[in-house]
Amino acid sequence: MFRFLLTRISLIVPTFIGVTLLSFSLIRLVPGDPIELLAGERGIDPVRHAALRAQLGLDKPLLEQYWLYIQNVIQGDLGHSIVTKVSVVDEFFTLFPATIELSIFAIFLALIIGLPVGILAAVKRGSVFDYSSMGISLVGYSMPIFWWALLLMLFFSVYLGWTPVSGRISVLFYVEPVTGFLLIDSLLSDETGAFQSALSHLILPAIALGTIPLAVIARMTRSSMLEVLAEDYIRTARAKGLAPWRVIIIHALRNALIPVITVIGLQVGVLFAGAILTETIFAWPGIGKWLIESVQRRDYPVLQGGVLLIATVVMLINLLVDLMYGLINPRIRR
Amino acid sequence: MKEALSISSQNPRSPLLEIWDAFRLNRGSYVALVVIIIIGLSALFAGSVAPHLPAEQYRDAFLVPPAWAEDGSLRFILGTDDIGRDILSRIIYGARVSLSTGAMVVFSSLLFGILLGLISAFNHGAIDIVIMRLMDIMLALPSLLMAIVIVAILGPSLVNAAMAVVIVQLPHFVRLTRAAAISELGKDYVIASKVAGAGTLRLMWITVLPNCMAPLIVQATLGFSSAILDLAALGFLGMGAQPPTPEWGTMLSSALQFIQRAWWVVTFPGLAILIVVLAFNLMGDGLRDALDPKLKSG
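Here the protein sequences come in this chain order: A and B. For what it's worth, the numbering used here labels the leading residue of the first sequence as 1246, then goes sequentially. For what it's worth, the numbering used here labels the leading residue of the second sequence as 123, then goes sequentially.
Some hints could be false.
Short derived list, chain B residues pointing at chain A, Cβ under 10 Å [claimed, not checked]:
no.: 1; residue: Val273
no.: 2; residue: Asp352
no.: 3; residue: Ala354
no.: 4; residue: Gln382
These stretches of chain B come out as covered by chain A in the derived footprint (C-beta under 8 Å, 3 or more residues) [stated by the list, open to error]:
no.: 5; stretch: 358 to 371
no.: 6; stretch: 384 to 391
no.: 7; stretch: 395 to 401
FYI, nobody ran anything at the bench for these hints, they're computed from the structure. We treat Cβ as the ideally placed atom computed from N, Cα and C, and that holds for glycine.
Using the sequences provided together with the hints, build the complete structure.
Below, the structure written as structure tokens:
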């Protein structure tokens, strides 16, 4: 197990260095002079230009610049936003809980619907339920989620008026940030109705974001369940006279879940990509919206820092999934 | 004796026909292929199929609802947008933009992917490691974020968005080609070809590559649908095709402000994206089953 752990960890080091290179070169690859880009359309006088150049270290040789950049990264300094002047790391960690909350809720929805649907479709293979649920999940898998989010908004917020159109919580409430997760914080606060407000803001974005993972989980659960159900030990369990549900839930599902967990791990990247679109549409104050705004405002330090941080998070989660996989399935620990 | 002769003299079905027969069995994929052909033809002949020009503004018809709704007219079957352009015509011309860009994207990433994958498979050691590590780095970022980074560097336009999507898709093709080529390399026919004196280039392109094509064709079909999705998403975020280009994602983003008043402006371009993406995914599934019976699911 220890060897397995070490090889997995050592594999992400070169990838991390590569991502720092990408983030480092981002602003240097943009055609034109970075300082003039940062200054925007107003322009900048030559004295200040030279001062900024020295301050950002752009007057040094490229290799030395990269060395300085790496030193800063290791110390947790990713520069400051040009627009808000706040440190990029601070901004990231204030906004990150919003994205995490949305993603966890989305994955939760995907799991509580996707798993039972997948299991039932496999057990009732060839039935109307099997065909219709797999057909629907193929549609869900092909869904352009920015459009799906708009349709949900059009129907539930505009037409029915059930849920608010955008934001994380109604402006009527002030909730002291304790954990950063509004669902928990609003329960901790003594404001009545804050929790309902937070939940009603969360539900539509979570459905939009959870749709593709839901479709993937349902399809994956079905096919891996079908495979396991054909195994000899399942026939043995049935022959022993166990209750059908016990064979399915206790005997089959445990083995069928192994590939499903890998697929859930792979959905982390999909979730982040989806969060960019979902947050932009629902004005959800998370890192997806933050990054898009940084591109529109040409706030390059934010984009550079955000890319590095998100890539790091995705890599760490993938590593975690890999390790978990090793724990659940001893066959791959070599 | 006579019987045996008649069997051996029968022409074997050509492999292409066999694949076609297997593909036809899957009803969903067959329908998907028909849908793709119809959309492709209407994109090709958009000039004669579309009732109006995509950029023509009718000043007497702002935000007209679709024909079957109240106040709708048969003149604009799917209604008009905020500056009086016919939505159906824009969607038909949009198919031209999406399908041609998607095809270009898939073709380029397939080409470069095969090239890099084969180089990687035929060179053990440094070159292989460098290429594969590079691909890992590209896969470390969520695809849409990677595309956004590239567009942020190059500037927003349809061509740059297409380049970004090519780069995003590249790692999948490289990995697939490399894996398929490596598993072929150990087989007897490759060794025989090597012994017969075939050079590396011949081994790469003529001996090994044709036997790696099955998974690549499937991936290319699925890549087509994700290319169209990514391009539309970039257009929606204002980083792809710029208005007034009738690109589906771009159409959606400019419709955003009318979501409260005019549902049809938002609904139809997205429906077009969904139908095309769904059709390519279905076709990919069918192709996978037809090309590789081992992978057949269900």
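Structure-based check of all given hints:
1. The closest approach between the C-beta of Val273(B) and any C-beta of chain A is roughly 8 Å, which is under the 10 Å cut-off, so the hint is satisfied.
2. The restraint placing Asp352(B) at the interface with chain A holds, with a minimum CB-CB distance near 9 Å, inside the 10 Å limit.
3. Taking 10 Å as the C-beta contact cut-off toward chain A, the hint placing Ala354(B) at the interface holds, the least distance being around 6 Å.
4. At its closest, the beta carbon of Gln382(B) sits 6 Å from a beta carbon of chain A; the interface hint therefore holds under the 10 Å criterion.
5. Residues of the stretch 358 to 371 of chain B with a Cβ under 8 Å from some Cβ of chain A number 5, which satisfies the need for three, so the listed coverage holds.
6. Look at the stretch 384 to 391 of chain B against chain A: 4 of its residues bring a Cβ nearer than 8 Å to a Cβ of that chain, three or more, so the hint holds.
7. Using a Cβ-Cβ cut-off of 8 Å, 4 residues of the stretch 395 to 401 of chain B lie near chain A, which meets the minimum of three, so the contact claim holds.
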